[in-house]
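Participant: Residues per chain are reported as follows:
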Amino acid sequence: MLKCRTVWRTLAPLARTSSTVCRQNARRAGLNNGRLPACVPAAHMSTAPAGGGRENQLYVLLVGATCVGGAIYAYRTVKGDSQRYQDRIDEISSRPLKTFTEEPATPTQSEPPAAPSPAEPSPPAPDAEILAPIETADLPSADEPAVEASPQEAAEPAAALIVEEEPPAAEPAEARPGVVAEGHIQGYLVTLVTTILPEPSPPSEPTPAELTEPVADSESPAAESAAAAKPAEPQLEAVTESGDASPASHKVSSHTPYLLIGGGTASFAAARSIRARDPGARVLIVTDELVPPYMRPPLSKELWFSDDPSVTETLRFKQWNGKERSIYFQPPSFYINAEELGSAENGGVAVLTGKKVVHMDVRGNKIKLDDDTEISYDKCLIATGGVPRNLQVIERAGEEVMKRTTLFRKVEDFKSLDKVSRNVKSITIIGGGFLGSELACALGRRSTESDLEVIQMYPEKGNMGKVLPEYLSNWTTEKVKKEGVKIISEALVKSVVSKDDKLEIQLKDGRLVKTDHIVAAVGLEPNVDLAKSAGLEVDSDFGGFRVNAELQARSNIWVAGDAACFYDIRLGRRRVEHHDHAVVSGRLAGENMTGANKPYWHQSMFWSDLGPDVGYEAIGIVDSSLPTVGVFAKATAKDTPKAATEESGTGIRSESETEHTASSPVASSAPSPTGVQHKDEYGKGVIFYLRDKVVVGIILWNVFNRMPIARKIIKDGEEHADLNEVAKLFNIHDD
Amino acid sequence: MSSVREEGKDRIIFVTKEDHASPSSAELVEEDPNDPYEERGLILPSGEINWNCPCLGGMASGPCGTEFKDAFSCFHYSKEEVKGSDCLENFRAMQECMQRYPELYPQEDEKEQQQQQSSETKPTSQDSAETSENGWWRWLLSFYKTPASLWPTAP
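One line per chain: the protein sequences are A and B, in this order. With this note's numbering as the guide, the letters of the first sequence map in order to residues 1 to 735. With this note's numbering as the guide, the letters of the second sequence map in order to residues 1 to 155.
Rather than coming from a laboratory, the hints here were simulated on the basis of the structure. Do not take every clue at face value.
What the hints assert, rightly or not - DSSO-like, lysine-lysine: derived pairs with alpha carbons at most 30 Å apart:
| no. | chain 1 | residue 1 | chain 2 | residue 2 |
| --- | --- | --- | --- | --- |
| 1 | A | Lys-461 | B | Lys-83 |
| 2 | A | Lys-461 | A | Lys-425 |
| 3 | A | Lys-461 | A | Lys-481 |
| 4 | B | Lys-83 | A | Lys-466 |
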């Protein structure tokens, strides 16, 4: 008030002087509408000559005061508006307050994270990420539970937050939330009433979970205990959502604390890890396969050497010590039904087969299946593995060719290839890596009994050309040839046509190969279908979901197995497609899902057997483009995979590494050469792969049960001057 | 003597037994027993049981996992002269649970035979009711008596 008066007082003389000057100017210039611009120079003119100092000051004071006054007015208006908005929200939310009386217990914890939640209705809310964990499954609309959850605490921080935003932006934003809040809240209230009355426990149960979830990363044990604190109450409730408020499906919705997408090795290892660490945990595995989790290595190894004619049905194989086991990790009685998961007293592992996850809503912590069922989760693991790659020439070649092509990965592929191998005269395997070579050896073995021709073709110079150094790759190729396989190396497929019921493969160098059936083993395409809907990063170098060293993609999402491109602290970012890695990473992901926060540290290994004479175990980065140092000794008859298992008494060569993972090496019904001494030079030894003079990979060539030493050397990451000295640690000459 | 050959970027060394007879001069970094990242055996440095140890197989995670954990925990912390003799109830509960899943938990006879092969203790005389518990006890005791590298797998 006073200010205005003083302003006016100072204004008056200045106004008079400026107006007289302006009038004079106007008459002179003859401008009518140029009043304002004329005034300014007039003011200057009036002040520039002598005695204009005071008026200049007054003018500045006038302008300054106007600005300040305007700013104060704007601020007051905004503040008043936000206060009115808060009051309205408080009033509305104070209505169904009785179910959320638990909130005062955790106000301090939830206050900072809860603060952004009322701001969520306002569109310019920048922190959508923080809001995500707050939303839970049962309640359909995202806004309301967050708003409802903490009416008291939200008031202050929310006001502060809104004021921090652009004052003009807040004004239109404020108008909309009011409308949004009202409309949605009406719908929410209907839902709340219908769900609360029959089942009082479920809404209250998610809310402590939803409040603790924003701090879940550092306090996930707390979250787990909160969730597990009410184990007796059924969590798998069929909450009927009122369709109005929910834009999602009308199907039955359900909830599981631990959701594992994918039913392979990594998923099973994670399930086991979670169950071991979280007492009474409920784990749901969702897989699009029709069978429970199984191990993949025997599909291209042991199962082919079984004496049992019904092996394709039983899927059992005999290990070297006579112990028989199934490829399935556990018999069906191990798992409980998905419907019973919620009510099981001590929890359990349920497998939902034949269902594909088509959509993932990270903000809402839920997934949608191909039959429109929605399942919400607290923690989720993506272990979707991959799909075998195919050659473009085959894909373009048409139905007839595709009918005679096998992409080998699953149990049914094994069954169909087994059947095919008994009925055709010639099979060609395209691909010279692990899978291709193992299948070639397996089928080659079969070819000795039957009339089958087995051809293997690949672009490299020798088998395992991308893994083994050239000299070893050549040696291996000779061994594979001895298994009865016809090798066509440096072969690039140009086209495949179907002619007279046979397939004709035309190679780029002009060679023509005629065959009955093709097996394409040209790599694996990691399954990242969910990346788009979930908003997860996909790695462009290695493929797969990009995760950190703890295998975490986002707050409650981990990825393990073939699909995970993770950061290995020692060896850098990589993606590994081996069985033991699936076990190790699955187990680690399970540990981290239960609060361990451990990085990938225990280096996984892999192995391969190519016939009874060639077997190796490897660890780390084994890339043939790296410089290598190989230290070899002469092999005796004792240094074969078969001998290794018989001696150690373990039917499973990798049992010392991880339990129930590997199976014994190639079983041979034909008598193996016992007294034969290998004339070849590379009987057994150790090969070091170097990167910048540091050992990053090791192959134990026909040397077994020494993986811990190899693991230690890689873990150390030291530069060793003489690798022969390092090789001594392995005692390769010992039996 | 060892012979060395170079093939491009790859180096090949052939060694005889005598070449490798002398101890290695390669230095390995000393292990930190309290490294939190390392995979642990059955017993953690804190003295607690590592339920996620691969050596336990699926025992702690299966349908009878809870019963198994109770029994083994009781056994582990038992201070009785005959370790675990105060845990009979827990073992019986575990037994009962396992009998409901014969597929998952092999029958007693097989297990007994395996125990006798791998265990060091002599089978004590007992009535049939306690046979199974003794079998479990022997299996559990074996974890304490043998070095970690030779731990038997789950029965």
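Participant: If a hint holds in the structure, say so; if it doesn't, say that too.
Facilitator: Evaluated hints:
1. For the hint pairing Lys-461/A with Lys-83/B, the CA-to-CA distance comes to about 62 Å; that exceeds 30 Å, so the pair is violated.
2. Among the hinted pairs, Lys-461/A with Lys-425/A is consistent with the structure: their alpha-carbon atoms are about 26 Å apart, no more than 30 Å.
3. For the suggested pair Lys-461/A and Lys-481/A, the alpha carbons sit about 14 Å apart, so the restraint of at most 30 Å is met.
4. For the hint pairing Lys-83/B with Lys-466/A, the CA-to-CA distance comes to about 55 Å; that exceeds 30 Å, so the pair is violated.
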